[in-house]
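Peer 1: Single-letter residue listing:
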Amino acid sequence: MIRVKFFASLREQFGAAELDLPTRPGMSVAEVWNAAAGQPLPDYVLMARNLEYVQSDSVVEDGDEIAFFPPVTGG
Amino acid sequence: MIRVKFFASLREQFGAAELDLPTRPGMSVAEVWNAAAGQPLPDYVLMARNLEYVQSDSVVEDGDEIAFFPPVTGG
Amino acid sequence: MIELRAQEFDPWRELRAFETAHPELHGKAGASAVFAGTMRDFNQSDDVAAMFLEHYPGMTEKHLSAIRDSAMRRWPLQAALVIHRIGEVRPGDTIVLVAAWSAHRAAAFDACRFIMEDLKSKAPFWKKERLRSGERWVDSNTPGFSN
Amino acid sequence: MIELRAQEFDPWRELRAFETAHPELHGKAGASAVFAGTMRDFNQSDDVAAMFLEHYPGMTEKHLSAIRDSAMRRWPLQAALVIHRIGEVRPGDTIVLVAAWSAHRAAAFDACRFIMEDLKSKAPFWKKERLRSGERWVDSNTPGFSN
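Chains as they are written, first to last, in my numbering: chain A, 1 to 75; chain B, 1001 to 1075; chain C, 2001 to 2147; chain D, 3001 to 3147.
Just chain A, same shape as in the assembly (with noise of 0.2 Å):
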């Protein structure tokens, strides 16, 4: 299982701050998106993978957190 979290505008959207899924192997950022939202991955969306930024094509394991959030606007 990973853990998958998702932050401000994005967690609105989906109206849930955090949901587990079942990992395949091999399986990407950009499934684990496609898996917990049911659609594409927007261009704008950032991730990161056990709290380090990552790039969509990122593989993913077991146990791991997962996260997709807006451009950030802190400062």
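If you're looking for bench data, these hints aren't it; they were derived computationally from the structure.
No residue lacks a Cβ here, since even glycine has one placed at the ideal position from N, Cα and C.
A hint or two may mislead.
What the hints assert, rightly or not - Reference excerpt, derived from the structure (chain B facing chain D, CB under 7 Å, subset only):
id, residue
1, PHE1007
2, ALA1008
3, ALA1048
4, LEU1051
5, GLN1055
6, PRO1071
7, THR1073
8, GLY1074
9, GLY1075
Dock chains B, C and D against the given chain A, drawing on the hints supplied.
Peer 2: Chains B, C and D only, in chain A's frame:
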């Protein structure tokens, strides 16, 4: 007459903070230096006329305050 | 030092406290460069009454520490500080404080700005503004350089 | 505001006092960039026990005001502050404080650095250091940019 001022190392070098000099028509700041210091104007010396930076060929007028000082080291 | 703050803070008081807590800077750090970002009561022509600052617990702290460590490696700094607000924020509140101490001003200036630009473009924070007409997420940060 | 100070001052306390005295900045100035320059107790490998900061009464104030006015014209600033020490200075004392307030960070950063660089290269101040071995005038300021 003009008032001539020296600051920092130049003041110590000439042993005086200020002195008054008679002006001649068309006298330049470099000529003020020559008259006051009795030697050619070194390249590193900065000059001000009435509290604003000027070049050595700037012409002085009666009543001016002319200052000579080394490179600045504030801040 | 990296810190997330849920309560209002005074940036200048924080700097005094930091220097008092780091007496080793006294007489050594000839230069400190500081940036304080404050919540404005207007944005894109609308009056903003309040704001909520969401973050990603765990990743936000980790990212801020990585920015700070990267600045400490890149410039000869004696200290660097980042404090960022989270949660409910009101107009006039300080949102972010970044400070860098060094023996010379070029390193302090460059490091302070580097930390701010990385924070603005990459640190996981999201602002939701509360207007009279409702709420809205802030889309994106403006660029930090003039040209 | 431009000020020459004959006594020791705390830069962070000055900034708090300035903002308190300028309530119009509250909620308007989203960004403040600050530089504080402090006397180090070493310079070119020698221990410096104290320093005298000479200035040109009249011209120094006029030049600092002109730098500040120039920054206010060049960037959309809401306020700018310069405080500089004169006379006897001891290690750890703040020598210069420059601050710029604006709605956006690029203007605040750029203006603060512009004021500092002009001050370092042109404002009429001269440092004389007191070492164990005697006194010496500081030759020149180091450049303010890394490359």
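Peer 1: Against chain D, is B/ALA1008 within 7 Å by beta-carbon distance?
Peer 2: Constraint on B/ALA1008 satisfied, holds at 4 Å.
Peer 1: Against chain D, is B/LEU1051 within 7 Å by beta-carbon distance?
Peer 2: 4 Å, holds
Peer 1: Given B/PHE1007 as an interface hint, is the shortest Cβ-Cβ distance to chain D below 7 Å?
Peer 2: 6 Å, holds
Peer 1: Hey, does the B/GLN1055 contact hint survive, CB to chain D under 7 Å?
Peer 2: With a minimum Cβ separation of about 14 Å from chain D (threshold 7 Å), the hint on B/GLN1055 is violated.
Peer 1: Given B/PRO1071 as an interface hint, is its Cβ closer than 7 Å to any Cβ of chain D?
Peer 2: At 5 Å from the nearest chain D Cβ, B/PRO1071 passes the 7 Å test, so the hint holds.
Peer 1: Any CB of chain D closer than 7 Å to the CB of B/GLY1074?
Peer 2: 3 Å, holds
Peer 1: Against chain D, with CB atoms and a cut of 7 Å, does the hint on B/ALA1048 hold up?
Peer 2: This interface hint holds because 6 Å falls under the 7 Å limit.
Peer 1: Should the hint that B/THR1073 touches chain D count as held when the rule is a Cβ pair under 7 Å?
Peer 2: It holds, given that the least Cβ distance between B/THR1073 and chain D is near 4 Å, below 7 Å.
Peer 1: Can B/GLY1075 be said to touch chain D, with a Cβ gap under 7 Å?
Peer 2: Hint on B/GLY1075: holds, closest Cβ of chain D at ~4 Å, below 7 Å.
Of the numbered hints stated above, the single one contradicted by the structure is hint 5.
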